[in-house]
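Protein chains: 2
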Amino acid sequence: MSNITSLHNHRSPYYPQDLRLPHYVPNTLTTPELISRFAAYCVMIVIGTIILLGAVARKRLTTYEKIVATWFMLCGFIHLFFEGYFGYTASRIAGNTHLFAQLWKEYALSDSRYMSYDAFTVAMERVTAIFWGPLSFYLVYAIAVSHPARYPLQIIVSLGQLYGDVLYYATASIEMYGTVRPEKYYFWAYFFFANFFWIVIPSALLVQGFLETMNVFAKEGEKTKRK
Amino acid sequence: MSNITSLHNHRSPYYPQDLRLPHYVPNTLTTPELISRFAAYCVMIVIGTIILLGAVARKRLTTYEKIVATWFMLCGFIHLFFEGYFGYTASRIAGNTHLFAQLWKEYALSDSRYMSYDAFTVAMERVTAIFWGPLSFYLVYAIAVSHPARYPLQIIVSLGQLYGDVLYYATASIEMYGTVRPEKYYFWAYFFFANFFWIVIPSALLVQGFLETMNVFAKEGEKTKRK
Numbered sequence: 306m307s308n309i310t311s312l313h314n315h316r317s318p319y320y321p322q323d324l325r326l327p328h329y330v331p332n333t334l335t336t337p338e339l340i341s342r343f344a345a346y347c348v349m350i351v352i353g354t355i356i357l358l359g360a361v362a363r364k365r366l367t368t369y370e371k372i373v374a375t376w377f378m379l380c381g382f383i384h385l386f387f388e389g390y391f392g393y394t395a396s397r398i399a400g401n402t403h404l405f406a407q408l409w410k411e412y413a414l415s416d417s418r419y420m421s422y423d424a425f426t427v428a429m430e431r432v433t434a435i436f437w438g439p440l441s442f443y444l445v446y447a448i449a450v451s452h453p454a455r456y457p458l459q460i461i462v463s464l465g466q467l468y469g470d471v472l473y474y475a476t477a478s479i480e481m482y483g484t485v486r487p488e489k490y491y492f493w494a495y496f497f498f499a500n501f502f503w504i505v506i507p508s509a510l511l512v513q514g515f516l517e518t519m520n521v522f523a524k525e526g527e528k529t530k531r532k
Numbered sequence: 306m307s308n309i310t311s312l313h314n315h316r317s318p319y320y321p322q323d324l325r326l327p328h329y330v331p332n333t334l335t336t337p338e339l340i341s342r343f344a345a346y347c348v349m350i351v352i353g354t355i356i357l358l359g360a361v362a363r364k365r366l367t368t369y370e371k372i373v374a375t376w377f378m379l380c381g382f383i384h385l386f387f388e389g390y391f392g393y394t395a396s397r398i399a400g401n402t403h404l405f406a407q408l409w410k411e412y413a414l415s416d417s418r419y420m421s422y423d424a425f426t427v428a429m430e431r432v433t434a435i436f437w438g439p440l441s442f443y444l445v446y447a448i449a450v451s452h453p454a455r456y457p458l459q460i461i462v463s464l465g466q467l468y469g470d471v472l473y474y475a476t477a478s479i480e481m482y483g484t485v486r487p488e489k490y491y492f493w494a495y496f497f498f499a500n501f502f503w504i505v506i507p508s509a510l511l512v513q514g515f516l517e518t519m520n521v522f523a524k525e526g527e528k529t530k531r532k
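These protein sequences, in sequence, are chains P and R. In this text, residue positions in the first sequence follow the working numbering: the first is 306, and each later residue adds one. In this text, residue positions in the second sequence follow the working numbering: the first is 306, and each later residue adds one.
A couple of the hints might just be wrong.
Which copy is meant is left open, so a pair is good if it fits within one copy or across any two.
[Unchecked claim] Think about it this way: if two alpha-carbon atoms lie no more than 20 Å apart in a straight line, the pair counts; the simulated EDC-like pairs of lysine to aspartate or glutamate are:
{"id": "1", "residue 1": "364", "residue 2": "470"}
{"id": "2", "residue 1": "524", "residue 2": "323"}
{"id": "3", "residue 1": "371", "residue 2": "517"}
{"id": "4", "residue 1": "528", "residue 2": "517"}
{"id": "5", "residue 1": "371", "residue 2": "323"}
{"id": "6", "residue 1": "524", "residue 2": "480"}
{"id": "7", "residue 1": "489", "residue 2": "517"}
{"id": "8", "residue 1": "371", "residue 2": "338"}
{"id": "9", "residue 1": "371", "residue 2": "480"}
{"id": "10", "residue 1": "364", "residue 2": "525"}
{"id": "11", "residue 1": "528", "residue 2": "323"}
{"id": "12", "residue 1": "524", "residue 2": "470"}
{"id": "13", "residue 1": "364", "residue 2": "527"}
{"id": "14", "residue 1": "364", "residue 2": "323"}
{"id": "15", "residue 1": "489", "residue 2": "370"}
Keep in mind the hints are simulated off the structure, nothing from the lab.
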């Protein structure tokens, strides 16, 4: 980790090395401090959601439904607040020291587009914060009360997350990963792994939402034929 | 139109003016020739679809269903072949003279990202060609035979088109429209108007698909309660 902490000096540590960020201010928190705080928030959200679901759900939820609702609660907080903070401060974030700014400055070691006001990254994060954030919270409610909008909403939010993430990976690959620092840790742990959750889980939930919806239309179709 | 046709000389006509495209070859067809050929293909697809739907539909389709199926047939051809051509040749398209290349070179007067191998534009067009293209064709079939996958697919394709287009407009606005030629014709007729179809129609079809799906789940829920 020695070459990682040595990055915390006043010259911007981002790639490509000719990227000019005159407003850049180094982080005051270390990598382990940042990751543990982010993880602590996530754990609090998960525990809070499980307690809340027990209190408000109209019927007994299955373990699977509880897991999906918790996923969308976590997504709602991350999209609306964490990604929303980025979307709002994107043009000046390299000079900020708020915890969220420090987290993005750490993440951006794996992708400097988060510091350079890259058009795609900013647009995608703003759409994510404005649309998938609130809709994720609504999905938690829709799952808890078995709302008929649950599956169409699950398709919409999951596809939105998946498409944004596919474009995120694809644009970086077209740009030959020129905004990623050379250390393998940043590429694999931040750029690849942290985003990969939003490939795997939305894909599964998109397929499940699609199949549930197709099944209910198939049943409805059978009924209409019998009449 | 005189200042528009005067653009057909060997220096690249795209903005920003310092954009280097050494492989650029000017178009051989004029703007009216290009637009009339594109329109002729669209008319052929529309007429072909109406004939085909009359022949294969299992039940009598409503006028609304015929219009929606024709829309998705048109989308299928445009996404898979026209945008697919761009996605495949994006890195060298400014030097090509195929009809589709000439159409993109004309369109790019309103947005040079189509000539400069812009990462977002290339990634979005490739996803559109690979996913929304074939799924649009499948939707025509799904509408013709009242397949139970019709509405979930309609939600998926329409949201995919809408999100891609929203990001397309948003990234251009974040980049302060620096890739658009200054003549109003290009901005309004190409950049704004041609893409606006894919805001309005997918929005309407997304809402319709969402409501149809919610209704069928609501009916199903009522039935379950009564048991």
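Taking the hints in turn, this is what the structure says about them:
1. 364 - 470: neither (34 Å within a copy, 40 Å between copies)
2. 524 - 323: Neither way: residue 524 and residue 323 sit 60 Å apart in one copy and 60 Å across, limit 20 Å.
3. 371 - 517: within (17 Å within a copy, 26 Å between copies)
4. 528 - 517: Result: close both inside a copy and across copies, 17 Å intra and 16 Å inter.
5. 371 - 323: neither (47 Å within a copy, 55 Å between copies)
6. 524 - 480: Answer is neither: 47 Å inside a copy and 49 Å across each miss the 20 Å cutoff.
7. 489 - 517: This pair counts as neither: shortest intra-copy Cα distance 40 Å, inter-copy 48 Å.
8. 371 - 338: So residue 371 and residue 338 fail the 20 Å test inside a copy (30 Å) and across (59 Å) alike.
9. 371 - 480: Classified as neither: same-chain Cα gap 39 Å, cross-chain 42 Å, threshold 20 Å.
10. 364 - 525: between (24 Å within a copy, 17 Å between copies)
11. 528 - 323: neither (66 Å within a copy, 64 Å between copies)
12. 524 - 470: neither (34 Å within a copy, 35 Å between copies)
13. 364 - 527: between (28 Å within a copy, 15 Å between copies)
14. 364 - 323: neither (58 Å within a copy, 64 Å between copies)
15. 489 - 370: neither (36 Å within a copy, 52 Å between copies)
Violated hints, listed in ascending order, are 1, 2, 5, 6, 7, 8, 9, 11, 12, 14, 15; each of the other numbered hints is respected by the structure.
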